[in-house]
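J.: As given, the protein sequences belong to chains W and C, one line each in that order. Going by the working numbering, 93 is the number at position 93 of the first sequence; the sequence numbering is gapless. Going by the working numbering, 253 is the number at position 253 of the second sequence; the sequence numbering is gapless.
Hint data in this document are derived by calculation from the structure and do not stem from the laboratory. Check each hint, because a few of them may be wrong.
Selected chain C positions facing chain W (in silico; Cβ < 8 Å) [claimed, not checked]:
{"id": "1", "residue": "Gly-379"}
{"id": "2", "residue": "Asp-381"}
{"id": "3", "residue": "Val-383"}
{"id": "4", "residue": "Ala-392"}
{"id": "5", "residue": "Asp-511"}
{"id": "6", "residue": "Ser-513"}
{"id": "7", "residue": "Ala-598"}
{"id": "8", "residue": "Ser-600"}
{"id": "9", "residue": "Arg-602"}
Here are the simulated lysine-lysine pairs, DSS-like style, with alpha carbons at most 25 Å apart [unchecked claim]:
{"id": "10", "chain 1": "W", "residue 1": "Lys-49", "chain 2": "W", "residue 2": "Lys-85"}
{"id": "11", "chain 1": "C", "residue 1": "Lys-554", "chain 2": "C", "residue 2": "Lys-507"}
{"id": "12", "chain 1": "W", "residue 1": "Lys-46", "chain 2": "C", "residue 2": "Lys-382"}
{"id": "13", "chain 1": "C", "residue 1": "Lys-382", "chain 2": "W", "residue 2": "Lys-49"}
{"id": "14", "chain 1": "W", "residue 1": "Lys-85", "chain 2": "C", "residue 2": "Lys-267"}
{"id": "15", "chain 1": "C", "residue 1": "Lys-267", "chain 2": "C", "residue 2": "Lys-414"}
{"id": "16", "chain 1": "C", "residue 1": "Lys-508", "chain 2": "C", "residue 2": "Lys-554"}
Since the model is a prediction, treat every value here as computed from it, not as a measurement. Glycine residues also receive a C-beta, built at the ideal position from the N, C-alpha and C atoms.
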Amino acid sequence: MTPRRRRMTLVALIVLGVGAATAFALTAFQDNLLYFYSPSDVTAGKAPKDRVFRVGGMVPEGSFTRAEGSLEAHFALTDYAHEVKVSYTGVLPDLFREGQGVIARGRMGPDGVFIAEEVLAKHDENYMPPEVADALKKQHQKPPADGPLPTT
Amino acid sequence: MAAELGHFALILAFCLTLPQAFFGLMGAHWRRPHWIALANRAVAGQWVFTLFSFACLSYVFYHNDFSVLYVAQNSNSELPTFYRFAAVWGAHEGSLLLWMLVQATWALGVAAFSGNMPQQMTSRVIGVLGVISAGFALFILLTSNPFLRLWPAAPDGRDLNPLLQDPALAIHPPMLYIGYVGFSVPFAFAVAAMLEGKLDSLWARWVRPWATVAWMFLTCGIALGSWWAYYELGWGGWWFWDPVENASFMPWLIGTALIHSLAVTEKRGLFKSWTLLLSITAFSLSLLGTFLVRSGVIESVHAFASDPGRGLFILAFLCVCVGGALGLYAWRAPLFRSNAGFAPVSRESFLLFNNILLVAATVVILIGTTYPMFMDAFGLDKVSVGPPYFEAMFLVPMLPMVFLLAPGMHAAWKKASFESIKKTLGVLLVVALVLALAVSVGAYGWNSVMTIVGLTAAFWVAGASLVDPINRWRNGHSLPASIIGMSVAHFGLALFIIGATTVESYKKETDLSLKPGQTTEHAGFEFTMTKLEDVAGPNYQAVQSEVVITRNGKQVAVVHPQKRVYRVQKNAMTEAGIDAHWHRDLFVAMGEPLGGDAWSLRLQYKPMVRFIWFGAAIMALGGLIAICDRRYRKRVTVDESAAAAAGAKTA
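This is chain C alone, in the form it adopts within the complex (with noise of 0.2 Å):
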């Protein structure tokens, strides 16, 4: 029964989609307010409609209805509560549906937090939002309808994916999801503001909390994601540059492209189409990274069982969106001009490279991935793109970008002088190269030349991001949320580089047999295999060796890895076992049994490897500081918004 109530309140969810697209987009061109207000209404009900049917959802997965083929295909009895309701998402047709909860969750937030635009505005960006609804709404029910009845009713399911079973990953989607999703809100006031013929200052300064917030998500789910292919896919690396990897950066790279550029939007009304323009992408790869996941174009862990008609659905879909706002962008682009200049050396051109070289990434990133699905589509030879492609190309836009970093959050608007804080950053500089080859050098050993110039980057932007809010402190000045949010992230983008330059400069790992009372001797430290035993966890069974790591005789950690084999779907899996310091991880992880007692172990010694998530929450802390600024919330009265206008045409 819950399932066809399911079935029907997203049908109705759907129904209600339409008159949101349709009094949104035409009660603002025809100016009716009614229409408006209806709209608004309609997203509210579509909302209730949408939770109520993921609500169903989650009832059948924990009653553990098998009669219903989702459920049957991706849980089980004996799977634990906590995993039943995380099941909800752990395939295609569940996950669409909370991509669906999080679009209506999105358009509700829009009504509800729109007070100070006005009205024609947020009703564009709700019936564009409806228009996006809808589209996913139709692609659920026509293709991937989580709801369908499995006659007879199977006895028992097929058991989530083991790999999914971990907490980490049973919150990586719903994250994830918040951030693509997110997106869709830009380009919504995108193609609202090209619908309208105005873009100002204004503008900006409404669209840039939706912008952080969502690539605050982003930002969120990649770094759990990465986290959990550390400690669960079982090798410890933390990016693998895999297709659906990718997919889920490249709108990261155009997200945090888009909040910059909104930056000189807002303060210069200068980049005008260019912001928009980059509305346009971030969503737009969403979408596309959806299509590859979905679509079986790319095999991946992350690919699901995938088919054809939906990738065709998706790809049709992301044709009539893109498609669409491109035309509209090359009609209405022209109106967007904007007069004012600036200084070759000045913020604007700061922000401009920033803009350039994350598009840059953005496009090496691209090429890479797609580059073995064209190759494939022409019937050529059959490739892939390896890392190290990726690992050298993604430097090349990125090191310098980084570098631009420090002296860029001190140039001025319109010109930048430097004259008061030349020596503050020259000191810093000396200083973060010292330290770099402390650290490198010093405590680690020599590495490369790249270890050090990562790091004097690293150490550089960190400081150069406390400089401006120290100085505000001590003058006191008043400190905005916005500078506040601002240097916390760049102080986290700095933290990641550390980690990320420490690990990849001096992480250690040896693959070797051990048997119980053996020991052995890597990167300084002693790996005991103590014992052998089997345990039983609630849905496997496994074989678990304790291991005690000692140095210089003194004990450091004990870890249990273990091998699992899930009861219901047969599939080996690998829990490492991680001593985790705030300095380096210790990781030990069970390979195969090698006769006699022996197994093969996994050993690895991963230095700073914590500051890469660290460094990835710091930078989304930043995000949510950066919101909470007073001028976002501030009612904008007639005059205010007239003299803004104004002031962006002049300056």
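Chain W extracted, bound-state conformation (with noise of 0.2 Å):
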């Protein structure tokens, strides 16, 4: 081989490995993009019935009950308009509270009821996620007063 078609050779040999690196890149990206909604398009039969989605929300108040001794627990999400049940067996993390903004990973149960298999809550009293202050922007109404506000 010259010089010259050896360099060909390997180049060639990148261009191929690079692009079947990306062929597989892309389909492992399409696999594991989650998508969130809001309490809304869940209630309006937006999101998907055969994969893992997110959805966020407030927990309003006195929604959250759990059998003595038991870790299932079982809470709403609203968006101040509508309301998506949510069952979560595991440790909820710390700062999971009534009033809390918070998002829920998992997948729809056959009887309308959020399996959440991941409750993400985040450290700090006056955090909001981003998108459920967007979703809740979206419904034209501000959390209550006493309620969390996004961090200035």
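Join the two chains into one complex using the hints; note that each chain is given alone, in its own frame.
T.: Listed below in structure tokens is the structure:
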């Protein structure tokens, strides 16, 4: 092989490798994109039935229930227009409480209850997930005055 | 008073960055030794004033001066003294002042340890560093001044975020910043070389120690952050592919590529423009990381209260620095053509692949991290990219890289034959495979092919990295520090892979509810909650449980996980109880009260998890050994410099 041809082979190999990697990346990417929906979207049936997605909103006061000694918790998420019921089994994050903005990742159950695999609340009492803040804004309703405000 | 002095010193420091930049760059351009000397003085002055300013901020924290807004926001009279100092960089304003101090210290370092470089080169580097310092000083003064007064003064402060009240996190930001900012030095060297229009092996030799030191600190910083997340965020993961973690990991990957590419540039005078590009990219990604964290574009545990004005400033600064450097690159890169060749199988090829694969890994992470932001910016769907994407995609370039590492370490420059080493490497590969099978199938049980592949790669690299030092030592050859450093760093990588593979394959975790007196079984251990009590810390109240861990009736450990509530911010915090052992961690974290006396608990069994951070520490140690090499300290004479330049041309 002449040096030139050798170099071209090398370049071809690299292009091939990068191409294959890109193709693989794009598929992996599509499979692992998590879409975010507001409770209104979910109630309107916009959320997918068969794949994992995220839903975020405020946990309304008085919606949290748990049987004594059980790990299974039930609560609702609201954007002050619609509510979604959520069930979660496991340890909730430290800052989870009523009146807080949280994001839940999981899928819709057959009975219209969102089954969360993971619940996220942030380590800041004033924090509201930006998606939640946006979803609330879209509903033209401000959170109550004593509720969490986006940090300044 | 201290706050005003600090503010004033900061303004003076800013004023001194301007002559540093101007006299440094123009003094070299017009060849005026006086100007160059002046730039050096400006560096010293800037460092003194920045240090003074930083000391003033520490002083007001120490004295709980809540008439300073930043102190009132981030400290409290009950905060233990140690954390009052750590609180200095506990939020945005102070951490930028730390950044500036680190930047000034690096410039001082360049000025002090550049005796073996031509004055012009040093001067240009200092000039470029001056420009960067000026940008950051201006940023602090205009948008994020930590010395602003609060009137009327607050009676007490709002306290440091409880998450940050931790020894590892107190030193994590300085380490990370020394690394981030450290990449400004190779960046400045790259710009200086392009301004000068000359780049030879000697240049690479000057840059190498700086790049290695920056890389070393970044390694430590990232490892500390990961360790902290493991025990303090409470849930036992060691890497979350959180945007901010990614932001620090991308410069690390590019920095690693840069270190390897510099080796080729030094030894063979090749990859010149590539090295320049990597130098520029490493620092650009550091700046991008800062932009991502500060601007509030992304949300994560690290994102401090953010402000779009700040993000805009950093973005503009990023454009000036990166745009300027890339423009210069486009203009000057054609000057740095090298016409040396190398065979397809040679150390150069292996290092080329190392670089391509590291850059590919960076691209993978960059896409995953920024894609949601672009989607959001264009008003499309709100999405996030989950950890499975990163976990799968990161391995695609990294796995071949690790397998190429073992032969690559032993490949000769120009053309490698492997005649002498083929057998050793083959034997090592077989031994590695046997060991991997013994560990995975034998000790822990079958998991997946990937577990065996990962462990084989790790054992092979570990073995191969020891071959060269042992051979040299046995044959009585010299063993330069750079060779030891390389071997140690690669050995550290192997340890890291062993840890990461094992813990990801064999970790066991469960959430359950437990009452005092109850026992549960997990991963072959029995966990008994014996006590539940209230304890008080200096600035928090906590519920503490005592969990006795036994195995086959024999006591293994007693851990005391806590659920703390800090008095000022009222945040609940999980303090995990960890029984650490070299080959496994037992991890107990308290969730929440479930009514009655029952608590939800998370129990985890983490085999080999310590190897992850230990491996990273060994990698950093390798860097430290490598920079001790004699040739970096040698003063270069005029003859030698000419010879090296000629050598690089003909080789």
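J.: Hint by hint, note whether the structure agrees.
T.: Okay, the hints, checked on the actual structure:
no.	hint	in the structure
1	Gly-379	11 Å, violated
2	Asp-381	6 Å, holds
3	Val-383	5 Å, holds
4	Ala-392	5 Å, holds
5	Asp-511	4 Å, holds
6	Ser-513	5 Å, holds
7	Ala-598	4 Å, holds
8	Ser-600	5 Å, holds
9	Arg-602	5 Å, holds
10	W:Lys-49 to W:Lys-85	15 Å, holds
11	C:Lys-554 to C:Lys-507	22 Å, holds
12	W:Lys-46 to C:Lys-382	14 Å, holds
13	C:Lys-382 to W:Lys-49	18 Å, holds
14	W:Lys-85 to C:Lys-267	65 Å, violated
15	C:Lys-267 to C:Lys-414	10 Å, holds
16	C:Lys-508 to C:Lys-554	21 Å, holds
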